[in-house]
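J.: Fit chain E to the known structure of chain X by using the hints.
Now for the letters of each chain:
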Amino acid sequence: MKKHDQGAYEYLRHHKKFPHLWCSGCGIGIVMGSILRSVQKLELNQDDVAVVSGIGCTGRMPVYMDFNTMHTTHGRALAFATGLKLARPEMEIIVIMGDGDALAIGGNHFIHAARRNIDMTAIVVNNNIYGMTGGQSSPTTPLNARSATAPYGHIEQPFPIVDLAMAAGAPFVARSTVYHVTELDRLVEQAVRKEGFALVEVASYCHTTFGRANNIKSPIAMMRQLKDNSLSLQAADKLGDELGPEQIVRGIFRDDDRPEYTQLYDEIIERAHGPLPPRKRKVRRGWV
Amino acid sequence: MNAQLMQGNNACAAGAVAAGCRFFGGYPITPSSEIAEYMARHLPKLGGKFIQMEDEIASIAAVIGASVGGLKSMTATSGPGFSLMQENIGYAIVAEVPCVIINVMRAGPSTGLPTSPSQGDVMQARWGTHGDHPIIALAPASVRESFELTVDAFNFAEKYRTPVLVLLDEVVGHMREKVELPEVGPEQIANRVMPTVPPEWYEPFGNPPSDVPPMAPFGEGYRYHITGLLHDPRGFPTNRLDEIQPWIDRIFRKIDRNRSEICMVEEDGVEDARVLVIAYGSTARSARQAIKMARAHSGRKVGLLRLKTLWPFPEEAVERAAENAQRVIVAEMNRGQIALEVERIVGRHKVLRVGRADGQMISPSEIVDAMRARQTQAPRRPAPARL
Numbered sequence: 001m002k003k004h005d006q007g008a009y010e011y012l013r014h015h016k017k018f019p020h021l022w023c024s025g026c027g028i029g030i031v032m033g034s035i036l037r038s039v040q041k042l043e044l045n046q047d048d049v050a051v052v053s054g055i056g057c058t059g060r061m062p063v064y065m066d067f068n069t070m071h072t073t074h075g076r077a078l079a080f081a082t083g084l085k086l087a088r089p090e091m092e093i094i095v096i097m098g099d100g101d102a103l104a105i106g107g108n109h110f111i112h113a114a115r116r117n118i119d120m121t122a123i124v125v126n127n128n129i130y131g132m133t134g135g136q137s138s139p140t141t142p143l144n145a146r147s148a149t150a151p152y153g154h155i156e157q158p159f160p161i162v163d164l165a166m167a168a169g170a171p172f173v174a175r176s177t178v179y180h181v182t183e184l185d186r187l188v189e190q191a192v193r194k195e196g197f198a199l200v201e202v203a204s205y206c207h208t209t210f211g212r213a214n215n216i217k218s219p220i221a222m223m224r225q226l227k228d229n230s231l232s233l234q235a236a237d238k239l240g241d242e243l244g245p246e247q248i249v250r251g252i253f254r255d256d257d258r259p260e261y262t263q264l265y266d267e268i269i270e271r272a273h274g275p276l277p278p279r280k281r282k283v284r285r286g287w288v
Numbered sequence: 001m002n003a004q005l006m007q008g009n010n011a012c013a014a015g016a017v018a019a020g021c022r023f024f025g026g027y028p029i030t031p032s033s034e035i036a037e038y039m040a041r042h043l044p045k046l047g048g049k050f051i052q053m054e055d056e057i058a059s060i061a062a063v064i065g066a067s068v069g070g071l072k073s074m075t076a077t078s079g080p081g082f083s084l085m086q087e088n089i090g091y092a093i094v095a096e097v098p099c100v101i102i103n104v105m106r107a108g109p110s111t112g113l114p115t116s117p118s119q120g121d122v123m124q125a126r127w128g129t130h131g132d133h134p135i136i137a138l139a140p141a142s143v144r145e146s147f148e149l150t151v152d153a154f155n156f157a158e159k160y161r162t163p164v165l166v167l168l169d170e171v172v173g174h175m176r177e178k179v180e181l182p183e184v185g186p187e188q189i190a191n192r193v194m195p196t197v198p199p200e201w202y203e204p205f206g207n208p209p210s211d212v213p214p215m216a217p218f219g220e221g222y223r224y225h226i227t228g229l230l231h232d233p234r235g236f237p238t239n240r241l242d243e244i245q246p247w248i249d250r251i252f253r254k255i256d257r258n259r260s261e262i263c264m265v266e267e268d269g270v271e272d273a274r275v276l277v278i279a280y281g282s283t284a285r286s287a288r289q290a291i292k293m294a295r296a297h298s299g300r301k302v303g304l305l306r307l308k309t310l311w312p313f314p315e316e317a318v319e320r321a322a323e324n325a326q327r328v329i330v331a332e333m334n335r336g337q338i339a340l341e342v343e344r345i346v347g348r349h350k351v352l353r354v355g356r357a358d359g360q361m362i363s364p365s366e367i368v369d370a371m372r373a374r375q376t377q378a379p380r381r382p383a384p385a386r387l
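These protein sequence lines are chains X and E, in that order.
So that you can map any letter, position 245 of the first sequence is 245 in my numbering, and since no number is skipped, the others follow by simple counting.
So that you can map any letter, position 346 of the second sequence is 346 in my numbering, and since no number is skipped, the others follow by simple counting.
Just chain X, with the same shape it has in the complex:
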């Protein structure tokens, strides 16, 4: 075993729950490796790290990781994590979601966590499909792709996760793929280090459902697609309007500083210790 992997190995829960439930060839484990390596590189104490997830194949990730882990309800991971972060501002919180989890059922929490700028790392593993339930369309299923619920082709526009996070105000937004592992390691590490809401979209794949429905025979072929279809932010800038919808742009889209929520809240606590603000008389107008 290479030294590189030993760190990740250390942070796995050894006594329980292996083998994992993902199909062989799945990309989700690669993302897990990236998270473990970044925690190791940043030399974080395992006790100070909490990993919160929602439901789906990606949502099963925390059970294998030896941190404080919480597998919550579908789409709500960010909301659970918000409460946890407020209770424990000193903790490093990593939230892991799938594309359906983060953007369909959890879309509201996603934009509001970004807007609030609460310090956590949100990792969205985007495999363009609902894998666990058998390959139904997700909010990131590409136009014209086939799925179990779009047997004649998908007619909806996919959600651009990075654009959505930027529009909602996230101060750190990045994207990579499960093929570009070293780059992914670096981005996840930067995102964890960021004080504020940091989003990393990880382009992955589901060969079991998406691949089968769209005639992409193997995980290797899907991995090759990630390699061939992705390009760096600089290369994409040069392409300009010629950038196709199937192309995945990798890199850091935004990294700036905005006041973080829990730090602002500490100021509120200080302010509240002074005299209370005068209370306005309440006027009720109709029903609410």
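Hints listed in this document are in silico derivations from the structure and should not be mistaken for laboratory results.
This list has only true hints and no planted wrong ones.
Across the chosen pairs, the derived CB separations fall in these ranges:
#1 X:163 / E:55: 22 to 30 Å
#2 E:240 / X:14: 14 to 22 Å
#3 E:240 / X:134: 22 to 30 Å
#4 X:252 / E:221: 29 to 37 Å
#5 X:149 / E:193: 46 to 54 Å
One-sided and incomplete, this derived list gives chain E residues near chain X with beta-carbon spacing under 10 Å:
#6 69
#7 95
#8 226
Ideal Cβ placement from N, Cα and C applies to all residues, glycine included.
T.: Leaving out everything else, chain E in the frame of chain X:
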């Protein structure tokens, strides 16, 4: 403490703070918003946290998250928001996370009659979240009791690692009364039991003699897994029958064996009552007036059993109180939700329902009329004519 004029919602919030609540996550909804406003003003002064979330689903999620972080946590809402919270209430039951949910009931279904009073969420409180589960729900009838029962709610939540519901109705929530709030000393406050074993021995969902395993907050060295999947004593998902069955038995048992403490009622002349009135919340205030009127006018032997705990249903108290009664009147602002439980225990023939779900309070005279009525069951509707 001095006497003050206070609203039920504010007393409820004050009770939460007195019980040690230091986190509130909520979303505005009438008639519960005063609770959120009170918490937004008072929690930061105590170093606590208030957050207005994007919806009620997120509110209860944040409350559970904060409780896992070690803070006593609460949210407050009304019918529509309560409906949205149901899934995560189930999560708190399965993950055994203490928290308190205040539901200031308004008339439904749907947006209903905002914001007229109702007691229509009683069965939703019992069975709102999917799957078989135990639940605790309390129903105060006055401003002072809103304070007291919220303290009790936190104590039950912490002691038994479970979500606890407090069902105010709009009348109790918005009513102002002169109250002297009681001092709540540390001996009246229960805190969750922390593990004393080293982390490697810790079983967050184990099977201790008390049936309530100790709960370590995240970040204190006890790294463990929390999930809404059914799980083994360490918290890891399991399908094994020998792990699932003991767990299911335990989460029911931990509430069931403490029924005598949890089930609270107030009795007024029930021992020799020929007519027993059972009521809760603001309806119990009308009932109290009704029995006064009945006693004064006709000298009848009437009694009142006021339920402070709705779930688990105080079966023993109802059975005892109804023993000598010829008639049991169940008054509630719905079409007979607690009446179903009472009928189950005392038999259908004895019970007369006084219910309305039109956003109006039940008046004392409606209850007095029921005492005078000749038969207990409403006459059967004539069969529809054959076409």
